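Engineer: Chain residues, written in single-letter form:
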Amino acid sequence: MQQPLTEGVYYILLALYEPRHGYGIMQIVEEWSDGRVKLGAGTTYGALKNLQEKKFIETLAGEGRKKEYVITSLGKQIVEAEVTRIKELYNNGRKIIKAEGDL
Amino acid sequence: MRIFKFFFDDSKEEQWINDMASKGWHLKKIRFSFYYFEQGEEGEYEYRLEVLDHFLKGKDVKEYLDFTESAGIELVQKRLNWLYFRRHKSKGPFELYSDASSKLTYFNRMLSIYYLLIFINFLAVCTNGAFALVELTYDLNFFISVMNLLAVLLLIVPTINVIKRKRILKKEMAMFEN
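Protein sequences, first through last, are from chains B and S.
For what it's worth, my numbering labels the leading residue of the first sequence as 10, then goes sequentially.
For what it's worth, my numbering labels the leading residue of the second sequence as 5, then goes sequentially.
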């Protein structure tokens, strides 16, 4: 079984279904989450380094601030497994709440 | 404005720099223990301090600084491994580490640096202390030994501070993911 991803890593991987540079990731994640998830620069940079080591993402051509990242097929498998896990959490949550008659 | 100040605790230093900024004094540079401030609008900038991994290569440091720059973060000063960043308040609240797991990694990085510094200073206390004991005339060795002991004692303050912050964070992490 795969370990749950942190919210930040999950969103970074989603953002990289399209090639993006570091700051582009931070901006789109903030937008998608309506300003709830504001990734810090240190957090994002550290996550990108770790994800590259794990081969979940790779870099495209470009240097320094123009460096672009994109998700790998292994990374996509990880995201799919995570979506399945979140679905399980969500479905069970809904089932119980419905039984309580609150929804 | 120039202020002479000496810090052994990074969180206190960051707090003081931000307090100055909220009064309209923005840190511009640091030379030795002199902090130079420029007057501006009150609370115009938010400052964050970060220590880099001591094994980080020059290329990786440059890459990180390019990254922070692209995120609208300005590097005010670099002192050895310590970076002094600021960001204009128009760009929103400024945090370098936004979730618990990356904060934990950062606390561990800080601790490994403090432990290394304590170890080096402690070694110096022992070797110089031993010289001073063998040859009672070696006043210089005795003096160095005392100075290093003082450094060890002063380093214990920020170390305990980081250990405390880490403990609080771990408690949170047992319940919440971020």
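None of these hints come from the bench; they were simulated from the model.
Source: prediction; values computed, not measured.
Hints should not be assumed to be uniformly reliable.
With the C-beta cut set under 8 Å, the calculated list includes, among others, these residues of chain B facing chain S [said to hold, decoys possible]:
#: 1; residue: 47
#: 2; residue: 52
#: 3; residue: 88
Some chain S residues flagged as far from chain B (calculated, every beta-carbon gap over 12 Å) [unchecked claim]:
#: 4; residue: 5
#: 5; residue: 8
#: 6; residue: 20
#: 7; residue: 24
#: 8; residue: 33
#: 9; residue: 43
#: 10; residue: 45
#: 11; residue: 68
#: 12; residue: 74
#: 13; residue: 89
#: 14; residue: 120
#: 15; residue: 122
#: 16; residue: 137
#: 17; residue: 138
#: 18; residue: 172
#: 19; residue: 174
25 Å max Cα-Cα, derived DSS-like pairs, lysine-lysine [claimed, not checked]:
#: 20; chain 1: S; residue 1: 66; chain 2: S; residue 2: 32
#: 21; chain 1: S; residue 1: 27; chain 2: S; residue 2: 9
#: 22; chain 1: S; residue 1: 93; chain 2: B; residue 2: 47
#: 23; chain 1: S; residue 1: 170; chain 2: B; residue 2: 47
#: 24; chain 1: B; residue 1: 63; chain 2: S; residue 2: 63
#: 25; chain 1: B; residue 1: 76; chain 2: S; residue 2: 32
#: 26; chain 1: S; residue 1: 16; chain 2: S; residue 2: 170
#: 27; chain 1: S; residue 1: 175; chain 2: B; residue 2: 76
#: 28; chain 1: S; residue 1: 32; chain 2: S; residue 2: 93
#: 29; chain 1: B; residue 1: 47; chain 2: S; residue 2: 33
#: 30; chain 1: S; residue 1: 95; chain 2: S; residue 2: 33
#: 31; chain 1: B; residue 1: 47; chain 2: S; residue 2: 9
#: 32; chain 1: S; residue 1: 175; chain 2: S; residue 2: 16
#: 33; chain 1: B; residue 1: 58; chain 2: S; residue 2: 61
#: 34; chain 1: S; residue 1: 61; chain 2: B; residue 2: 64
#: 35; chain 1: S; residue 1: 170; chain 2: B; residue 2: 58
#: 36; chain 1: B; residue 1: 107; chain 2: S; residue 2: 175
#: 37; chain 1: B; residue 1: 47; chain 2: S; residue 2: 175
#: 38; chain 1: B; residue 1: 58; chain 2: S; residue 2: 63
#: 39; chain 1: S; residue 1: 93; chain 2: S; residue 2: 82
#: 40; chain 1: S; residue 1: 95; chain 2: B; residue 2: 75
We put the beta carbon where it would ideally sit given N, CA and C, even for glycine.
Engineer: Against this structure, judge whether each hint is valid.
Structural biologist: Hint-by-hint comparison with the structure:
no. : hint            : verdict
1   : 47              : 6 Å, holds
2   : 52              : 4 Å, holds
3   : 88              : 17 Å, violated
4   : 5               : 29 Å, holds
5   : 8               : 30 Å, holds
6   : 20              : 21 Å, holds
7   : 24              : 23 Å, holds
8   : 33              : 21 Å, holds
9   : 43              : 27 Å, holds
10  : 45              : 23 Å, holds
11  : 68              : 6 Å, violated
12  : 74              : 4 Å, violated
13  : 89              : 8 Å, violated
14  : 120             : 20 Å, holds
15  : 122             : 24 Å, holds
16  : 137             : 46 Å, holds
17  : 138             : 48 Å, holds
18  : 172             : 18 Å, holds
19  : 174             : 15 Å, holds
20  : S/66 <-> S/32   : 21 Å, holds
21  : S/27 <-> S/9    : 18 Å, holds
22  : S/93 <-> B/47   : 15 Å, holds
23  : S/170 <-> B/47  : 22 Å, holds
24  : B/63 <-> S/63   : 21 Å, holds
25  : B/76 <-> S/32   : 29 Å, violated
26  : S/16 <-> S/170  : 16 Å, holds
27  : S/175 <-> B/76  : 37 Å, violated
28  : S/32 <-> S/93   : 16 Å, holds
29  : B/47 <-> S/33   : 28 Å, violated
30  : S/95 <-> S/33   : 22 Å, holds
31  : B/47 <-> S/9    : 33 Å, violated
32  : S/175 <-> S/16  : 23 Å, holds
33  : B/58 <-> S/61   : 14 Å, holds
34  : S/61 <-> B/64   : 21 Å, holds
35  : S/170 <-> B/58  : 23 Å, holds
36  : B/107 <-> S/175 : 32 Å, violated
37  : B/47 <-> S/175  : 22 Å, holds
38  : B/58 <-> S/63   : 14 Å, holds
39  : S/93 <-> S/82   : 21 Å, holds
40  : S/95 <-> B/75   : 21 Å, holds
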